[in-house]
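K.L.:
Using the sequences provided together with the hints, build the complete structure.
Chains A and B are the protein sequences, given in the same order. For what it's worth, the numbering used here labels the leading residue of the first sequence as 48, then goes sequentially. For what it's worth, the numbering used here labels the leading residue of the second sequence as 46, then goes sequentially.
The set of hints was computed from the structure by calculation and includes no laboratory data. Treat each hint with caution, since some may be false.
[What the hints assert, rightly or not] Each computed BS3-like pair below joins lysine-lysine, with the alpha-carbon atoms no more than 30 Å apart:
{"no.": "1", "chain 1": "B", "residue 1": "K89", "chain 2": "A", "residue 2": "K98"}
{"no.": "2", "chain 1": "A", "residue 1": "K144", "chain 2": "B", "residue 2": "K54"}
{"no.": "3", "chain 1": "A", "residue 1": "K144", "chain 2": "B", "residue 2": "K102"}
{"no.": "4", "chain 1": "B", "residue 1": "K54", "chain 2": "A", "residue 2": "K154"}
{"no.": "5", "chain 1": "A", "residue 1": "K144", "chain 2": "B", "residue 2": "K89"}
{"no.": "6", "chain 1": "A", "residue 1": "K98", "chain 2": "A", "residue 2": "K117"}
{"no.": "7", "chain 1": "B", "residue 1": "K102", "chain 2": "A", "residue 2": "K117"}
{"no.": "8", "chain 1": "A", "residue 1": "K117", "chain 2": "A", "residue 2": "K144"}
{"no.": "9", "chain 1": "B", "residue 1": "K89", "chain 2": "A", "residue 2": "K154"}
{"no.": "10", "chain 1": "A", "residue 1": "K144", "chain 2": "A", "residue 2": "K98"}
{"no.": "11", "chain 1": "B", "residue 1": "K102", "chain 2": "B", "residue 2": "K54"}
{"no.": "12", "chain 1": "A", "residue 1": "K117", "chain 2": "B", "residue 2": "K89"}
{"no.": "13", "chain 1": "B", "residue 1": "K102", "chain 2": "B", "residue 2": "K89"}
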Amino acid sequence: GQQLNQSPQSMFIQEGEDVSMNCTSSSIFNTWLWYKQEPGEGPVLLIALYKAGELTSNGRLTAQFGITRKDSFLNISASIPNDVGIYFCAEYSGTYKYIFGTGTRLKVLA
Amino acid sequence: NAGVTQTPKFRILKIGQSMTLQCAQDMNHNYMYWYRQDPGMGLKLIYYSVGAGITDKGEVPNGYNVSRSTTEDFPLRLELAAPSQTSVYFCASSYSTGQVYNEQFFGPGTRLTVL
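P.N.:
Set out below in structure tokens:
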């Protein structure tokens with residue numbers, strides 16, 4: 048079946064550092080999504096990307112839809128302790144079908 | 046708006062017991078979903094519903110049942126709990142999907158352990 052490979056699996060960084068994570072797919076999709084999940088909570092949408100090459104920012108977060116339509120990356124600039132959580136990429140292929148990556152666990156050391 | 050609410054937050058079941066995980070949303074969304082999240086994994090779709098009275102299987106439906114008698118509620122039933130069903134369960138809702146993406150809103154999850 049379709050899979051999303053997300054890397055890295057986990058990251059420990061110092062407060063103030065920039066973070067980069069990416070996601071690759073074995074198939075082409077039309078929508079890339081990035082979610083954040085905090086401990087004990089459900090995922091919350093951060094950024095949605097709709098077309099190849101699209102670069103979108105949300106505060107300190109920037110995400111890009113790869114031009115091959117098989118990959119996406121998420122950057123977080125100047126990390127803060129509240130950035131701690133699990134970041135998921137996901138693809139939406141229409142109707143009900145969402146495919147989620149395995150997540151990148153981010154820990155920020157103050 | 047409360048958004049998507051789930052009860053209970055935690056539950057421990059013995060093998061063979063049954064239970065219902067409750068999910069409700071007050072956003073008048075027509076689509077609702079149940080996912081499970083195993084440790085270190087992404088979310089896997091169990092069942093989904095496109096409206097009251099309509100449900101369909103997702104990727105991992107075995108061992109579960111759902112019903113959708115109202116727009117607001119979408120309970121998930123485990124009939125014979127097994128250790129393999131130990132997981133965190135998330136309910137989500139969205140306004141009409143189709144080819145255009147509409148944001149999914151997730152509940153806080155139910156952490157289920159089957160011993």
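K.L.:
Given the hint that K144 (chain A) pairs with K89 (chain B), test it: the Cα-Cα distance must not exceed 30 Å.
P.N.:
holds, 10 Å
K.L.:
Under the criterion that the straight-line Cα-Cα distance not exceed 30 Å, is the pair K98 (chain A), K117 (chain A) satisfied?
P.N.:
Holds: K98 (chain A) and K117 (chain A) sit about 11 Å apart, inside 30 Å.
K.L.:
Is it true that the CA of K102 (chain B) sits at most 30 Å from the CA of K54 (chain B)?
P.N.:
Within the cut-off at roughly 24 Å; holds.
K.L.:
Below or equal to 30 Å on CA atoms is what counts here, so check K117 (chain A) against K89 (chain B).
P.N.:
holds, 20 Å
K.L.:
Are K144 (chain A) and K102 (chain B) close enough, with their CA atoms no more than 30 Å apart?
P.N.:
holds, 11 Å
K.L.:
Holds or violated: K102 (chain B) with K117 (chain A), Cα cutoff 30 Å?
P.N.:
holds, 26 Å
K.L.:
Do the alpha carbons of K144 (chain A) and K54 (chain B) lie within 30 Å of each other, as the hint requires?
P.N.:
Roughly 26 Å separates the two Cα atoms, so the pair holds.
K.L.:
Checking one constraint from the list: CA of K89 (chain B) to CA of K98 (chain A), max 30 Å. Satisfied?
P.N.:
holds, 25 Å
K.L.:
Quickly compare the C-alpha distance for K117 (chain A) and K144 (chain A) to 30 Å and report which way the hint goes.
P.N.:
holds, 17 Å
K.L.:
Below or equal to 30 Å on CA atoms is what counts here, so check K144 (chain A) against K98 (chain A).
P.N.:
Within the cut-off at roughly 18 Å; holds.
K.L.:
Compare the distance between the alpha carbons of K54 (chain B) and K154 (chain A) with 30 Å, and conclude whether the hinted pair is satisfied.
P.N.:
holds, 24 Å
K.L.:
Assess, step by step, whether the Cα of K102 (chain B) is no farther than 30 Å from the Cα of K89 (chain B), and give holds or violated.
P.N.:
Given that 30 Å is the threshold and the Cα spacing comes to 12 Å, the pair holds.
Hint compliance for this structure: no hint is broken.
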